[in-house]
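S.K.: Residues in the sequence shown are numbered consecutively from 1, following this note's numbering.
Keep in mind that the hints are not guaranteed to be accurate.
What follows is a list of derived Cβ distance ranges for each label pair [unchecked claim]:
| hint | residue 1 | residue 2 | range |
| --- | --- | --- | --- |
| 1 | R76 | L100 | 17 to 23 Å |
| 2 | C136 | D46 | 36 to 42 Å |
| 3 | R76 | R32 | 18 to 24 Å |
| 4 | R192 | E93 | 32 to 38 Å |
| 5 | C178 | R33 | 23 to 29 Å |
| 6 | R76 | S28 | 37 to 43 Å |
| 7 | L100 | K173 | 32 to 38 Å |
| 8 | R106 | A22 | 31 to 37 Å |
| 9 | P92 | G138 | 34 to 40 Å |
| 10 | L125 | S28 | 39 to 45 Å |
| 11 | G34 | Q151 | 31 to 37 Å |
| 12 | F129 | G34 | 34 to 40 Å |
Simulated from the structure, these hints should not be mistaken for laboratory data. Model, not experiment: these values are computed from the prediction. Built from N, CA and C at the ideal position, the CB exists for glycine as well.
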Amino acid sequence: MTAPHPLSIIIPCLDEAAEIAATLEALSPMRRRGVEVIVVDGGSSDDTIALAASRADLVLLAPRGRARQMNAGAVRARGEVLLFLHADSSLPERAEDLILEALAARGSWGRFDVAIRGEGPLFKLIASFMNLRSRCTGIATGDQALFVTRQLFEQVGRFPDLPLMEDVALTTKLKRRCRPRCLRQRVSTSGRRWQRHGVVRTIVLMWQLRLAYWLGADPHKLASLYVPHKRS
């Protein structure tokens, strides 16, 4: 039997039948090396749970909301390092080794650079800007596959129960403790959100929401503006 690995991967999902099987199958080599994979479903009406059942170590049901789902997965995780992965994203080769090496070098949390899959010349520019912004500000988003030691995650109070910007809120608290380890290896994530609603329109909307959040707007009200793009 493979020895347990200190890393647990937590994947929140909602109606992700089109993506979840491929995402989990890509994680199979890591599972064989002992990495724990947990899927937390927020009430899917499609075949997400059935597809995940044989491809993950644990499938949980939790109240809908990405923050709530990720916190529920963290409670059940066995690893001392937690990685939060979107259901439409894939990690770089030997990601678990990259993470542990980064944390061993005086770090307690971090993220990967991101690459966006999809047609159109803007995706490479969007990803480059996201990575640069994150490196300059110390703030990261869920698209970048956040990882954090369990100890620090608990110390800052886990993800705040917000319907939007939960990743920004968490990493704002984390960076007050220490700077993130910004890994240049890339997580590949789907560009479907931009393609479905228009690349430029989505960029403008996200910047408006982020600015409003930093100016103190209620995240619950901002979430209502995000309905066409709403995530699990």
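S.K.: Check the structure against each numbered hint from earlier and tell me which ones fail, lowest number first.
M.R.: 4, 6, 7, 9, 10, 11
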